[in-house]
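Sequences are here, hints too, so could you generate the full structure?
Given next are the chains, with one letter for each unit.
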Amino acid sequence: MKSLLSEAWLVASKDLRIEARSRVLTNQVAPFAVLVLVLFGFALDADQRTLRMFAPGLFWVAVLLCLLLAVQRSSAVESADDAATGLRMAGLAPAAVFLGKSAAILVQLLVLELLLTAGIIVFYGSSVKNLFLWLIAGLVTALAVAATGTLYGALASGLGVRETLLPILLLPVLAPVLIGATRAYDDALGAAAVDGWAWTGLLAMFAVVASTLGALAYGALVED
Amino acid sequence: MTNPTSSVATTGSPGSRALGLATLLGLVGLLVLAFVLTEPDVRIHPSTGQEIGQFDAVRLLYLHVPMAVITYVAYSLAAFASAGYLIKRTPWWDVTAHAAAEVGTVFCFLVLVTGSIWGRPVWNTWWEWGDVRLMTTLILFLMFVGYLALRRTAADPRVQARRAAVVALVAIVDLPLVNRSVEWWENRTLHQKSTLGELKIEDLTLFTLMIGFLVFLMVFAWLLLHRFRVGWLTLAAGEHQVAAAIKERRAEADGSEVASAVGETS
Numbered sequence: 001m002k003s004l005l006s007e008a009w010l011v012a013s014k015d016l017r018i019e020a021r022s023r024v025l026t027n028q029v030a031p032f033a034v035l036v037l038v039l040f041g042f043a044l045d046a047d048q049r050t051l052r053m054f055a056p057g058l059f060w061v062a063v064l065l066c067l068l069l070a071v072q073r074s075s076a077v078e079s080a081d082d083a084a085t086g087l088r089m090a091g092l093a094p095a096a097v098f099l100g101k102s103a104a105i106l107v108q109l110l111v112l113e114l115l116l117t118a119g120i121i122v123f124y125g126s127s128v129k130n131l132f133l134w135l136i137a138g139l140v141t142a143l144a145v146a147a148t149g150t151l152y153g154a155l156a157s158g159l160g161v162r163e164t165l166l167p168i169l170l171l172p173v174l175a176p177v178l179i180g181a182t183r184a185y186d187d188a189l190g191a192a193a194v195d196g197w198a199w200t201g202l203l204a205m206f207a208v209v210a211s212t213l214g215a216l217a218y219g220a221l222v223e224d
Numbered sequence: 001m002t003n004p005t006s007s008v009a010t011t012g013s014p015g016s017r018a019l020g021l022a023t024l025l026g027l028v029g030l031l032v033l034a035f036v037l038t039e040p041d042v043r044i045h046p047s048t049g050q051e052i053g054q055f056d057a058v059r060l061l062y063l064h065v066p067m068a069v070i071t072y073v074a075y076s077l078a079a080f081a082s083a084g085y086l087i088k089r090t091p092w093w094d095v096t097a098h099a100a101a102e103v104g105t106v107f108c109f110l111v112l113v114t115g116s117i118w119g120r121p122v123w124n125t126w127w128e129w130g131d132v133r134l135m136t137t138l139i140l141f142l143m144f145v146g147y148l149a150l151r152r153t154a155a156d157p158r159v160q161a162r163r164a165a166v167v168a169l170v171a172i173v174d175l176p177l178v179n180r181s182v183e184w185w186e187n188r189t190l191h192q193k194s195t196l197g198e199l200k201i202e203d204l205t206l207f208t209l210m211i212g213f214l215v216f217l218m219v220f221a222w223l224l225l226h227r228f229r230v231g232w233l234t235l236a237a238g239e240h241q242v243a244a245a246i247k248e249r250r251a252e253a254d255g256s257e258v259a260s261a262v263g264e265t266s
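Here the protein sequences line up with chains A and B, keeping their order. Going by this note's numbering, the first residue of the first sequence is number 1, and it counts up by one from there. Going by this note's numbering, the first residue of the second sequence is number 1, and it counts up by one from there.
Note that these hints are calculated values from the structure, not bench results. Here the structure is a predicted model, which means the values were calculated and not measured. Accuracy of the hints is not assured; some may be wrong.
So the derived label-pair ranges between C-beta atoms look like this [to be verified]:
(1) B:159 x A:20: 26 to 36 Å
(2) B:52 x A:47: 37 to 47 Å
(3) A:82 x B:152: 17 to 27 Å
Note that the Cβ used here is the ideal one computed from N, Cα and C, for glycine as well.
So this is what it looks like as structure tokens:
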């Protein structure tokens with residue numbers, strides 16, 4: 001168990017170091033996230049009352065779109081120069097690689113969630129009414145989508161049509177997460193009177209299932 | 001000019017032809033039962049005395065409900081065969097999974113279409129966001145559309161089989177979660193009441209529904225059988241087994257006959 005976690009940490013730190021050095025997250029994905037928020041504003045006639053009401057849903061759609069970019073990046077760094085083979089030959093357990101790559105995406109998503117929260121506060125006039133729920137629901141959702149995204153990134157990797165295949169494979173699977181996370185943030189941002197904690201529980205269940213399934217299936221996907 | 005391949009270019013066999021014929025007759029019988037012999041759903045409101053019910057729209061349910069059940073059967077089979085492939089790693093499981101998923105997706109599409117057509121007069125809308133089963137079915141459909149997209153990539157067959165198996169298993173695991181989440185979704189709009197529970201299920205209605213299950217099970221079996229054979233042949237072609245078979249046939253057959261068949265002039 002200890003070696004699994006330390007191997008996962010190696011992979012996560014490698015991916016995060018690549019991101020920190022390439023600055024794709026800060027120079028491309030983050031501006032894209034803000035751009036999506038602004039586009040929603042235009043599409044909904046820049047009516048702040050409407051935007052505030054739909055902010056939780058728009059927030060999570062923006063997160064999912066960013067997730068696609070993060071997952072593409074995460075699997076592209078392994079495809080380039082056949083780095084995946086190097087990773088396999090290093091003798092790391094596939095489950096550790098999966099957990100490490102998921103953790104790296106998780107960290108990126110958390111940064112983006114912070115940025116997007118600032119975005120909806122500034123652009124849509126939203127406010128965080130329940131800070132603890134906002135934090136926990138945000139974390140659990142990021143965990144669920146990062147694990148699912150990593151698994152599907154491996155599914156689509158190495159194929160010529162990776163960019164177009166990933167969204168069609170991944171987004172339907174994440175539909176329940178979108179529903180749950182939107183409901184949880186409805187509560188956290190005070191947009192609707194729902195029990196956000198019940199939804200957070202559901203999201204946690206999804207995160208556990210996705211992480212376990214991913215850790216088990218990853219080996220079958222990367223072997224050749 | 002005779003084409004010697006025409007006699008073998010079929011996935012039919014005496015058994016599947018008999019099944020196909022029986023299925024066709026069953027379908028005709030089902031359509032007659034559903035659209036002619038059964039009564040429309042008309043009831044009298046106890047207090048207002050007005051005629052209420054689904055009227056003729058109910059006839060679609062004799063097709064819709066059995067197709068929905070077959071969709072779940074097909075997808076379950078696809079998931080089961082996918083698990084089988086990951087354990088056994090033999091092409092039989094993979095081809096079965098692919099065939100079941102593809103036929104299941106056709107059924108799932110038809111379920112969505114017939115449900116939508118039924119919903120227009122009964123719910124007064126083509127699409128009902130608040131309905132549990134509608135959402136579950138749509139998500140399931142989209143997942144398997146993704147599965148089929150993955151199937152059409154030009155990856156190595158074994159890599160593709162492995163990845164597709166994982167997608168099918170995730171789709172099935174996700175199903176109860178999708179179901180639960182939408183049930184917990186705030187019920188802002190009218191919800192589907194137990195459609196069949198409202199009807200007086202008796203005599204001809206029940207009989208027609210049971211025939212519907214049977215007929216669509218036969219349609220499924222027939223389609224699955226042929227899709228499996230196509231898949232198996234595709235696999236064989238991919239592995240150059242066909243080339244070997246032709247070579248064998250060449251050795252058996254008269255040389256000039258083969259030459260004329262492939263358009264060669266000596």
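Structure-based check of all given hints:
1. B:159 x A:20: 26 to 36 Å: Since residue 159 of chain B and residue 20 of chain A have Cβ atoms about 32 Å apart, the given range 26 to 36 Å holds.
2. B:52 x A:47: 37 to 47 Å: holds (40 Å)
3. A:82 x B:152: 17 to 27 Å: holds (25 Å)
Checked against the numbered hints above, the structure violates none of them.
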